[in-house]
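4 protein chains.
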Amino acid sequence: MTIEAGSTAEGAGRRIRLGMVGGGEGAFIGAVHRIAARLDDHYELLAGALSSTLEKALRSAQALGLARAYPDYRTMAREEAALGADGIEAVAIVTPNDQHAPAAEAFLEAGIHVICDKPVTTTLAQAQRLRELARSKGLVLAVTYNYSGYPMVRHARQLVREGALGTLRVVQVEYAQDWLTEALESSGQKQAAWRTDPARAGAGGCIGDIGTHAYQLAAFVSGLQTESLCAEVSAFVAGRALDDNVQVMLRFAGGARGMLWASQVAPGNENGLRLRVYGDKGGLEWRQEHPNQLHWSPFGQPTQIISRGTGAAKPDAARVTRLPSGHPEGYLEGFATVYAEIAQALRAARDGSAIAPDVVFPTIEDGVHGMAFIEAAVRSSSQGGQWVEVAG
Amino acid sequence: MTIEAGSTAEGAGRRIRLGMVGGGEGAFIGAVHRIAARLDDHYELLAGALSSTLEKALRSAQALGLARAYPDYRTMAREEAALGADGIEAVAIVTPNDQHAPAAEAFLEAGIHVICDKPVTTTLAQAQRLRELARSKGLVLAVTYNYSGYPMVRHARQLVREGALGTLRVVQVEYAQDWLTEALESSGQKQAAWRTDPARAGAGGCIGDIGTHAYQLAAFVSGLQTESLCAEVSAFVAGRALDDNVQVMLRFAGGARGMLWASQVAPGNENGLRLRVYGDKGGLEWRQEHPNQLHWSPFGQPTQIISRGTGAAKPDAARVTRLPSGHPEGYLEGFATVYAEIAQALRAARDGSAIAPDVVFPTIEDGVHGMAFIEAAVRSSSQGGQWVEVAG
Amino acid sequence: MTIEAGSTAEGAGRRIRLGMVGGGEGAFIGAVHRIAARLDDHYELLAGALSSTLEKALRSAQALGLARAYPDYRTMAREEAALGADGIEAVAIVTPNDQHAPAAEAFLEAGIHVICDKPVTTTLAQAQRLRELARSKGLVLAVTYNYSGYPMVRHARQLVREGALGTLRVVQVEYAQDWLTEALESSGQKQAAWRTDPARAGAGGCIGDIGTHAYQLAAFVSGLQTESLCAEVSAFVAGRALDDNVQVMLRFAGGARGMLWASQVAPGNENGLRLRVYGDKGGLEWRQEHPNQLHWSPFGQPTQIISRGTGAAKPDAARVTRLPSGHPEGYLEGFATVYAEIAQALRAARDGSAIAPDVVFPTIEDGVHGMAFIEAAVRSSSQGGQWVEVAG
Amino acid sequence: MTIEAGSTAEGAGRRIRLGMVGGGEGAFIGAVHRIAARLDDHYELLAGALSSTLEKALRSAQALGLARAYPDYRTMAREEAALGADGIEAVAIVTPNDQHAPAAEAFLEAGIHVICDKPVTTTLAQAQRLRELARSKGLVLAVTYNYSGYPMVRHARQLVREGALGTLRVVQVEYAQDWLTEALESSGQKQAAWRTDPARAGAGGCIGDIGTHAYQLAAFVSGLQTESLCAEVSAFVAGRALDDNVQVMLRFAGGARGMLWASQVAPGNENGLRLRVYGDKGGLEWRQEHPNQLHWSPFGQPTQIISRGTGAAKPDAARVTRLPSGHPEGYLEGFATVYAEIAQALRAARDGSAIAPDVVFPTIEDGVHGMAFIEAAVRSSSQGGQWVEVAG
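For the record, the sequence lines run as chains A, B, C and D. All residue numbers for the first sequence refer to numbering that gives the first Met the number 0, where the first residue is 0 and numbers rise by one. All residue numbers for the second sequence refer to numbering that gives the first Met the number 0, where the first residue is 0 and numbers rise by one. All residue numbers for the third sequence refer to numbering that gives the first Met the number 0, where the first residue is 0 and numbers rise by one. All residue numbers for the fourth sequence refer to numbering that gives the first Met the number 0, where the first residue is 0 and numbers rise by one.
These are computed hints drawn from the structure, not numbers from a lab. Check before you lean on any hint, since a few could be wrong.
Treat identical chains as interchangeable: a pair holds within one or across any two.
[Claimed, not checked] Derived pair list, reagent style DSS-like, types lysine-lysine, alpha-carbon separation capped at 30 Å:
1) 189 <-> 55
2) 313 <-> 136
3) 313 <-> 189
4) 280 <-> 189
5) 136 <-> 280
6) 189 <-> 136
Let the sequences and hints guide you as you build the complete structure.
Listed below in structure tokens is the structure:
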């Protein structure tokens, strides 16, 4: 049951010096990023501006044993840059959405690579500006659409690219949760509060938090580009300022058609991200909650259960696999794969080493597409559900 | 493990004298109707015009041991009516769609009840005319949207009506198949040929064949009325004259929102009818391919697997249940339940006996709604996917 | 989606004249036999001794519209035989176990074929005597191990016989229910009362009621003969006179090894019959509660979901299939298939017509093996769980 | 979606200084232990004797960036002990089974805590001696029965302990794989080679490698003690020196009965560890391959799908949960939980800090029980499958 070493092989060589903005006490996604960074031993977390509250920032940094704690990201960017070869090489930004753009800008300007949570900004224009900035600085600007790190998502993508599905016709993607079925934000729950606040989350609530994940996943696997869409963006809970349910029809370049549903008010759904892609030669289905299997149906033949870690898993899946089949990998492992691939790019930037051709972590390009999707969906819905073009 | 007697109890009293139009050699759905009629022993099949080809009609009638065979439905309607108390009381019409309306009209005019397959006609106007005719004659005009006969569909409906889901917000329904992924109609396959021929199937291909099933099921369970819709009706297979994939967004009276997807070009899907309904208090999910279970998720509590035949199944489900839990009932049993309930209405018409209050077999009302749905979806799509109102 | 006509094609030619012993009001399995007989239109039910209580026997017969009602099976056997060509050709015996042998004997002696529920008798010796009697009379003596009628069970059997699994090594079979978790028999529930009463059920409780089903299924599919076994037969509910849980290890001729678990005290299990067979080339799994699919795992390749009604279903499955894939068939259809196959044998006995080579309904041979299994298991357990030989 | 901090909270305070024996290039389980140690940041890996081949040991240590590499475990134990407060506090032993006992003894004698893979030794006597040694030295001797670290296994255990299942009656546990279906050991595959070699694996092949996992899991959740067992231990692959399939019947103290099946020759099974426990009030089922859900069936009520991370998960599960529901945790997270709990015990040993009452990582007690199980099963089988007592 030996597994071939791929991108997720344990840390080869010197670790990446990493910092973090956000992710202090009471946060959820910060700990996820830290475990993801640690899992394959490619990073060491040295510095942080972990909270907008000074005391909390310091206490959190101490609890995590960080070498350097900062009161805010601007100070951190400036001082770390000043440390030169001892300063951090990359920063993970895990704040609420509205802080993503200014923080990313500060680090990019300081010459520090950025790993940013999604959605990458609160407006499309911001995302486009960050893209320009990263390009002009020649820096990595990764966006953690983590579901693209699952091995069987890689398998699905390779199936499509190899033509196993033939010409694509239909893409059905959905992402259903239920945690905002009631007005949780009124209770003071921190995650709910900022995600339903336009000032911190941006123009999209549910669509930004999980809709963009679904959209990115569909594009990542299918390779299809959305030309236009028509959306119904709803806020079902009384008094909620942002959407909690979104239904979208998609027209892809080349004639394929799609539907996307994202909801945070669908009781019984926990984190129900599910993708189905159909072509004239076959169809596939993948569900995030049971991520180690993929259903593959070559037309006219029985559906096969393709399992991660078996001989049937394609090379793109095998290279990001850590465990034999039947030993389930989960959310953290997929997230860690994104971090492991980013590490390759960061090492390449550091020492000119090569990046494996299958390294496909999501970047600011995915970030821009996500913001264009949000912008178009909100626009369509505000126009009564008209079809609108999606910016490139 | 004794099961209470309900609508599906074995034939009580004199059987209904039944005739059939269509359903001769090589047909699929005719045999289904016959088994459904026979299963609970409420009918005896006496007469038929089983094929448009005379020789085949006679040979099929003989093979089935029918007492009276006819060359066509007009002759049959006339002669059976002339037999008075010996003639058939009801006729099952199981031809391709284009024969539904004229055949139904002939029998209704002759004073004979009609059980018609779906979609009930090829145009909305025809369906509305049939509705008027049945009303004016005081006759039963049932339409076999058979999926409404499944016990757990009845359970779902009762859950909604009792308010267990609270105010409904979201309905997601889909019906995916793959048998028309390639141009099967070119091979001479009979089922594929007429279903893809506008002259015989009407304006809807996939949308008429299975889309209306999905639409009826969603309405039957949720009780919601569609006000407007926006549709993308596609024919992916080259040369196909009717749609093989349809994607629809639905706006319901009261503010709930829905999506409907029907496809016959989705490899790996056999008969994938699946309904999910979400309200502010709970959500439910039912899948036709595993019809004996329903997932019920009261918000904030674990999802429960409600199983047909257990104490947790609601009375509306229990009354149409024949077997203890774990002994799977299937498609034929659900179909037979619709026939058993129609038998109650026919007996009531015959002798004034009472109809149980939970008898809810689908009728020409469902048939009209189905045609209105097809008409609106085709209209929306031909207008580039604009939102259009759905006729009442 | 036309289905090829096989053994389950609708009644060809004159129906079998059928009688029934047992199955009156309040019974469960009698109605199942009647639906099974009716479903494919091969039988007409004419006569019955439906209850040991005269009044109930008559009332039940009238409710079902039987032509002739009898107070007891002896009278019925004698008088039906006297009717000659108008009398019944076969009788279905659906009483509690203790009546099986005397009733079967009476009809066989009268020259009438017998279809008997399982376990076929209450002792092995009785079963062996019935086998002799049926042989000497040249009559059909079918035993309704109905699970052998499921199409995907036939598929599994054909897979094994074709050698797809290679040399068999391991058979795991289980049949778990929960309806006797508490002392239901104390409540007067009729099914529970006789099944836990040694005088009516015989030496086996759970092992006779469901254990023999599991044993027969394993033998039917695997073709393996049990040489010896070691059993732990338990009655967990206080005061229960017969077993409610049985665990058995099996040694098969040829070296394969098996385990069998049957329980009626396993909360959460409804009718959990499940078979797994493993050889050196592949493995298969089938579950009765979702009977339309079979998991087939050729060693070293992905598991395939083989679905009833698809092109991947083997001929032995296709011949007993009524519906296209995705339209679930269930318990009654499997039961009806056994009846349809018996009908072929009865027609052959009537008129010398041929029996298709794939007609494999269970007979007194299966009945004798079932009784030998019960006898050996009870003997092993009473000897402290020693290994004992199983009578041939 | 904030998760309460429990045993798996990120490393609080100074990390444990860890060493490793075994786990060099080409090993599987060594990398698993390292990720498990790293995931929650409680350990730093400083020293190793990673291979019995000197060159490989050094190369592996360098690749992992270890501070100190040793040619063998004896040297390592001696020299690390000599380093005092700079030396390792604990060592993870991840060699083939035959090295476990001598290596563990060396480190215990040197005053270093031991984390040992399972089965803990190759004989029961060795395990008992290690238990004595650890006791006399007052050192931690953990044995990584990692499946006890899964949150829903903890939930199951708490359900049983709270009495939700009532009096236990039946335990069914199985662990099926297929990777040894053919003679993989002949191909030179390293994992297969030593696991089928009695000199390195001990008296048990499949029973030692996975059977003891199943046995430990059943005991961990049910709390039942095995009094006697009867086993059928088989080697199906020609020429294989150790068992590849084992079937066991278990008699527990108090009257409950169990079955255990472990196989490495069951095609289609990857890592199929599955536990079912039934009492007079309810039943539960858990499957390792989908570890985030547990099926809980209170008798007479619908089965509930209890999901990790939801409000329905019990405190014992919540305390070892890192992610919200629907974000799957897997094998590595469960393994890491065992490491996190061991870290608490090691910190307590270091500084007298408290150990949370729910810290229940497996120890040499589990190791001794596992060896007693192997010993009894092999003994029973060699006596023709007689019932034998299991050493306490």
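Pop the pair residue 136 and residue 280 into one bin, within, between, both or neither, using alpha-carbon distances up to 30 Å.
neither (44 Å within a copy, 51 Å between copies)
Regarding residue 313 and residue 189, is the shortest C-alpha distance of 30 Å or less found within a copy, between copies, in both, or in neither?
Intra 41 Å, inter 23 Å, cutoff 30 Å: inter-copy only.
Measure nothing new, just compare the shortest in-copy and cross-copy C-alpha distances for residue 189 and residue 55 to 30 Å and report within, between, both or neither.
Classified as within: same-chain Cα gap 15 Å, cross-chain 50 Å, threshold 30 Å.
Is it within a copy, between copies, both, or neither that the alpha carbon of residue 189 lies no farther than 30 Å from that of residue 136?
Intra 35 Å, inter 48 Å, cutoff 30 Å: neither.
30 Å Cα threshold - placement of residue 189 relative to residue 280:
between (47 Å within a copy, 23 Å between copies)
Within, between, both or neither: how does the pair residue 313, residue 136 come out at a Cα-Cα threshold of 30 Å?
neither (36 Å within a copy, 50 Å between copies)
In this structure, the hints that do not hold are numbers 2, 5, 6, in rising order.
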